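Asks: Next come the chains, spelled out residue by residue.
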Amino acid sequence: MVRFENVGLRYGLGPEILRDLSFQVPAHSFQFLTGPSGAGKTSLLKLLFLSLRPTRGLVNLFGRDVSLLGKSEVADLRRRIGIVLQDFRLLDHMTTYENVALPFRVMGRDEQSYRKEVIDLLKWVGLGERMDALPPILSGGEKQRAAIARAVISRPQLLLADEPTGNVDPTLGRRLLRLFIELNKTGTAVVIATHDITLMDQYEARRLVLHQGRLHIYE
Amino acid sequence: MPLVDLGHERPQLPARARIQSPIVPRASIAGRALVAVVAIMTFLASLTTGAVLLISASASEWQSDVASEITIQVRPQAGRNLDSDVAAVTDAMRRQPGIVDTRPFTKEESSQLLEPWLGSGLLLDDLPVPRMIVARVAPGAALDLATLRAAVQRVAPSASVDDHRAWIERMRSMTSAAVLFGLGILVLVIIATIISVSFATRGAMAANRPIVEVLHFVGAGDRYIADRFFRHFLLLGLEGGMIGGGLAMLAFGFSESIAGWFSGTPVGDQFAALLGTFSLRLSGYLVLAVQAVMIAAITAWASRRTLFATLDDIE
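Protein chains in written order, with our numbering: chain A, 1 to 219; chain B, 1001 to 1315.
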């Protein structure tokens, strides 16, 4: 599903922050991406999400060489990927319900076909009472759960999450992890970037450890 | 299969959770300023076009009036009787093919013609004043001017024939200059509209950059995003076009009453002499309506072009 070969990344003329990354993310797999702060976890997620292009090496996503992709093909591929970023990126003028339903809306689907699914998921992540609330009045944890719900609602083939449990209590953290595991069981490959050891200890999964720009894999 | 199973927890669907917000909030686009710019531009463009239409209509009326007449001037000459020369020329003209009416100006009429320059109470007998004969040409008739001149000069050697060609040429070039001037202003107005709309679009895109980024995140293509913005700009353009075009049409509609306020003043009389009335024909109003729609379309086009250019820069 994802294949990196000798990938390097630098911002401008600065030093290379990711060096010689070679790894694969197989379909249906589950992995944690970890490493100290500033190790390049977010940059690697952005490479996986096509927000950044590598300065060298080959990135192959869903069988396509990303260096050869046009803008419309990038949009097509992104529909197969869900992403949860640390800053949530919710739209402030839309309710929680509308934010979570956004991927379906962009696909042009009729609201009746997804309304129940969106509401069920919002209740699952504990936002059942906040469906009509606008993001500016949500707490950090609520925003995070809304962002996660938006990323998983369309059951993407690949889910990328950057510190998805950073703003929630341990109980809710476990519940969200269960959501990712359920999603993985239905066929989604999951990559969770975190440095929360407690979270990683709760589920036996492959670990990709970034250290000083290089990747070490623990199966 | 549902992603999550709420089991017995599943409550009834709340009635309020519905898609109601637009993807791009209308308030986030500096709409009023853009509507005002488009309205002003459409108003100026409509005034220019209306003025050009009025001038062309008046000019073509003059041209047809002047072209349907020829004037013969009989100068006094020593040893010849002016009155009998005038009568002979009138008679000769009547016999020419293509001439439907010939009217010599009497002495009194000639003195009236000269009154603005020489004052009243003029005795033409004391002055060597030429006499005029106006001949009406049958519509569509092709006159043989050389034969006509020869026939006239045979009976009165001092007579000259003027078919107003020089006048018509001057008028034609004046009308063309006015039309070109109007077109030049229209082009400037359209360029200014495109630039204003491009700036407004860029501003709107900059203000909505976070929305565009999120839309990209959830897999929306540039076309989808551009369409969401495009609708706003098309509506704003149509609103501006309708206001500007409508005001210009009202201005032309009421122009006769406005012209009435100035009648009797030198300025009013000059305009009345130049343009006749200020009222546009129905076809003129249609042209203004089409132009307003065209400016709205240009607004939409300029915005769409800028949208795609800007979307290329947003990851």
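Hints listed in this document are in silico derivations from the structure and should not be mistaken for laboratory results.
Some clues are possibly wrong.
[Said to hold, decoys possible] Partial list, derived from the structure: chain A residues whose beta carbon lies under 7 Å from chain B:
| no. | residue |
| --- | --- |
| 1 | S72 |
| 2 | R78 |
| 3 | D87 |
| 4 | L91 |
| 5 | H93 |
| 6 | Y97 |
| 7 | E98 |
| 8 | P103 |
| 9 | V106 |
| 10 | R109 |
| 11 | I119 |
| 12 | E129 |
| 13 | M131 |
| 14 | L134 |
| 15 | P135 |
| 16 | I137 |
Just so we're clear, the structure is a prediction, and the values are computed from it rather than from any experiment.
A virtual CB, placed ideally from N, CA and C, is assigned to each residue, including glycine.
Asks: Give a verdict on every hint.
Replies: These are the hints, each one checked on the structure:
1. S72: holds (5 Å)
2. R78: Holds, because the Cβ-Cβ distance from R78 (chain A) to chain B comes to roughly 4 Å (cut-off 7 Å).
3. D87: Violated, because the Cβ-Cβ distance from D87 (chain A) to chain B comes to roughly 10 Å (cut-off 7 Å).
4. L91: holds (6 Å)
5. H93: holds (5 Å)
6. Y97: Since the shortest Cβ distance to chain B is 4 Å, the answer is holds.
7. E98: For E98 (chain A), the interface hint holds, since the closest Cβ of chain B sits about 5 Å away, which is under 7 Å.
8. P103: Constraint on P103 (chain A) satisfied, holds at 4 Å.
9. V106: holds (4 Å)
10. R109: violated (11 Å)
11. I119: holds (6 Å)
12. E129: For E129 (chain A), the interface hint is violated, since the closest Cβ of chain B sits about 9 Å away, which is over 7 Å.
13. M131: M131 (chain A) check passes; min Cβ-Cβ to chain B is 5 Å, inside 7 Å.
14. L134: Result: violated, 9 Å to nearest chain B Cβ.
15. P135: violated (11 Å)
16. I137: Status violated, d = 15 Å.
Of the hints listed earlier, those the structure fails to meet are numbers 3, 10, 12, 14, 15 and 16, in rising order.
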